[in-house]
Amino acid sequence: MSKLISYAFCVVVAALVIYAFSPRSEQDLDTAHLDLGRIQINDLIRVDDALVAVGERGTILKSRDGGESWNATSREVDIPATLTNVSRVSDGVLLAAGHDSLILRSTDNGDNWESVMHDTELGEPLLGTWSPDGRQVYAYGSFGKFFESGDAGLTWQATDLPIQGEHLNDMAGDGALRIVVGEMGLVLRSTDAGQTWEPLEAFYNGSLFGVTSLGNDAWIAYGMRGNVFFSQDEGLNWAQIEIPHKMPLYGHALANDGSGVVIVGTGGSFVSIDDQGNVLDTGFLKGLGTLTSAVTLPDGELFVAGQRGVLQESQDLLAVTGK
Amino acid sequence: MSKGNRLIDRTVEWSADRLLAWRKPLLALFILITIALGYSATQVRLDPGFNKQIPVNHPFMQNYLHYSEIFSGANTMMVSVRWKGEGDIYNVEFLDTLRKVTDEVFYIPGVRRASVRSLFTPDVRYIEITEFGFIGDVVIPPHFSGTPEDLAQVRSNTARSGQVGRLVANDFSAAMVTADLQEINPETGEQVSYVDIAKQLEEIRTRFDNENIEINIVGFSKLVGDVVDGLIAVMGFFVLAFFITAALLWLYTRSIKLTVVALTVALMPVVWLLGLLPLLGLGIDPMSILVPFLIFSIGVSHAVQMTNAWKQDVLAGSSSIEAAHGAFCKIFIPGALALLMNALGFGVIMLIDIPIVHELGVTACIGVLLMIITNKMMLPIIISHMHLEPGAGKTNYVAPGEKHKLWWRLSVLATPGPALVVFAVSLVLLIGGAWKSRDLVVGDVGTGAPELRDESRYNYDNANIISRYSIGLDVLSIYVEAQGAQQSEACLDPDVMRAVEEIDFHARSIPGVQSVQSVAGMGKVSISGNNEGNPRWAAIPGASRGLQPGSTAYSSSHGLVVDGCETMQILLFLANHEGGTVANVVDEVEQIIANVDEPKVEFKLGGGNVGVMAASNEAVKKAEVQMHGALLLSVALFCWLTFRSFRAVLCIITPLAIVATLCNAVMATFGIGLKVATLPVLALGVGVGVDYGIYLYERMQHELAMGKDLRTAFYEAMCQRGTAALFTAFTMSIGVGTWAFAPLKFQADMGILLAFMFLVNVFGAIFLLPGLAAWFHRSKSLVSVKVAPNAPTSLTGLEQT
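From first to last, the protein sequence lines are chains A and B. If you read the first sequence in this note's numbering, its first letter stands for residue 1, the second for the next number, and so on. If you read the second sequence in this note's numbering, its first letter stands for residue 1, the second for the next number, and so on.
Since the hints were derived computationally from the structure, they do not count as laboratory data. Glycine included, every Cβ here is placed at the ideal spot set by N, Cα and C. Just to be clear, a hint being listed does not mean it is correct.
[Claimed, not checked] Which residues of chain B face chain A? A partial, calculated answer using Cβ under 7 angstroms: (1) 239; (2) 434; (3) 772.
Generate the whole structure from the sequences, applying the supplied hints.
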């Protein structure tokens, strides 16, 4: 018995010591994790109540709660080409365009995607798609690439434009009017729903990165070094809007009630302009880096994305409406 | 007892005779050796080498050593100028200071001038894409005069320079000057002294620090400077520990002579060791500087045991020589055994495959083995010449027939009942300890340089820089070999570049990674810059043609690629280098690399200081169990050879194992990580801690052999050895405990741990050992009773405590 006690004690001690020195557990690895603040987002749209963001290495993210949380979406083939643009074609149908002339198409509001165009020979990017009616779609991009689709983006045909291979950066339309802006002050205008295109006499020699209609024949275009231009006659004549900074501007969001636009760009810069072309507010959103895109949430808040992904360090952003 | 043991006893006695017969020539010889080695000790040099901390056989480190010759720029220093006043850095006072600091850094001898970068250096340019194409110019305009327009110009140039997060803080509260150091100063042809550079950096700080400006400096050279300063402070602790020990010794012995003798003899192996180091071509580095300290402490411990035995004999009426003879006979076996255990403890440290630890092991081993000569041979000779002063020893004197009250009360633990209580307490402690020890972290705990304390100036600076910039000094390099590339230049091969991009893309998301630099990332910026600066162009295209506009990024001047991109590196800047972060980042990076399906490239880990840490943490992790296993097994073997009893081995080993576990728990509690600096301490602690058990058990065995019951045997052992053991445990704990205040963090950690090990080991030996012995003894006597006692072990007449 006494033997047992002493040996038992030693055995228990040995067991505990072996337990203490056995390999200590590692932290569980969360390998699927992506830091959404460190992925460059190139475009962001609002589709009903959801937000869809696209960007670096083919990242497509979707949020159903106004940007609080994001999910990666799935697609059949994983092509690591960076996406530059996402746009809504019709109910449920979204198109994402990107480098290597990649076009991805979704029919379920961005949950699943399939590739409809991909060219690895040239390695040059498409910079956007735009649809006036849900069936006809335009795709535009680098070196004057311009494609048209008559079946909501399933098949594409190249179209020649009266230009010299300038990059086409953005496109917008209002009724039968369509405007494409691009490199070296290029503004292409079509008044017959895209049948014929006519370049405007250059009013600016830098690149224009964005264009949008503000309604009532008012248009706005923006580009390098804080250059913003306003047109009140369907984009025929443009006047520069003076803004206090010289930051390049890359994306915009329209106010929900159409009363104005917020344009965002390098260094978190923003400029808020009403539909008459008056500058309402300018400044910098701190800590967000270069912004590429913005949307207006249903409650009027601005949500931005860019080099620092879709993580908003401050929810205290400006409201677009009512300014 | 067995015949073998009697043979040992006879040999020991013969040795004692010879030793004392030749005591004069031997003493002269020892003194000569001491003088010679003492002279040699003045040649000992400080040898803090970065490469010594590298576990050279780890695959990471073989890559690191190979590629660190290809990619330079590892030895970077950063001087950050922080604006503490109103607003941001765009004001005249700040920019003026930044310019002056840039100049000062530029003129530090040893700095590679071309590598100095700040907003004021001509190679830092902004690029603006305008209507007319690129405009590139220096950030600070040449005509800068501080007008509001100029300041606005600087502000917008900086934003366009791509330096925000690098040379300029993310929140515009600071800007830095970076520079690389050369190993050889080209002007003098001499090795650059880090200490001198650290001094000059400190001068810059003193010059420019004011109420609006704070200077933060980090870099390996500054760190070495601060560590060397810390080392000098450690010398002060040595002196402090010496005087504390002396005072305690005097209180204990009440004899100036004995105090002086014990201190002298304990210093002897330190002198011999320091003298031998230059002869062996070794130096002292920040880690092994503690060894002389430790040797001194152990030396005191053994000297006290020997002088104590001698004093007891002298008080019992023997002459000095007889008493020295007796003390030698009694102490030599357990003492030499204990020293061998110490040496063993230091020896197993060498299982950790890191040169600096090997050196520590070798140094400590030599030191302890020297002690067998100084403490076990020289000391008896010295005390044989000595006469005890009349006052000494009368204190705490227990007359024959009386009992020392405390020890007699304590000896109740050597009876089965109370022993059970001790068992229960031990188990509770062990369960708690085992549970807590699971939280032990391999690697560093806390941020900043692990050598220094969190609140040290260097770590304050480091934290300041890390929180303001996207880069820092905690870097993991991933090396990339692109051998199978189709293009003339691997950077133009989209498969290669996309593979690099994939690593960059995923590594950025790893928790703990602040930012990533790769040729893919640089390439994207260039490509975008060539296309109107549009960020949507910042991508790696799937064709070689699309990659060409990025060519400015593929230059070797950025330090990311060489040889036309055949060899590249990807840099991961980490927020800190805590053990958990490092392990996690390395694991995730390995997984990311495993997922890259691209035969043209091969990714290899891992350089940078984080690569070194990952490798040494793995080496430590691997060595931990091996080391403890080897240590306990060899202690068990030695004990068995000496005592020829399996139960004796258990009596000595069990408390040790418990203490080792508790020590892990203490580390987890105090936030001390298991790393190169602390793992050896555990081995030292066990090696030194086993002394107490051996001294006590050896005495008990003799007493039992003379037919005494276990309680009495333990009581006698306590009287003769226990007091001395307890005294030395306290003395050594206090001595090493003073390190807890050392400016160097790892020395403080080592001090706390050693103090804990010394103290708790002695408790294990005096509380748990008798209990175990009691229960083992109850079933079957531990030692067969020997009626005819032999001379040296029969001196039981007088006990003095």
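Here is what the structure says about each hint:
no.	hint	verdict
1	239	38 angstroms, violated
2	434	4 angstroms, holds
3	772	6 angstroms, holds
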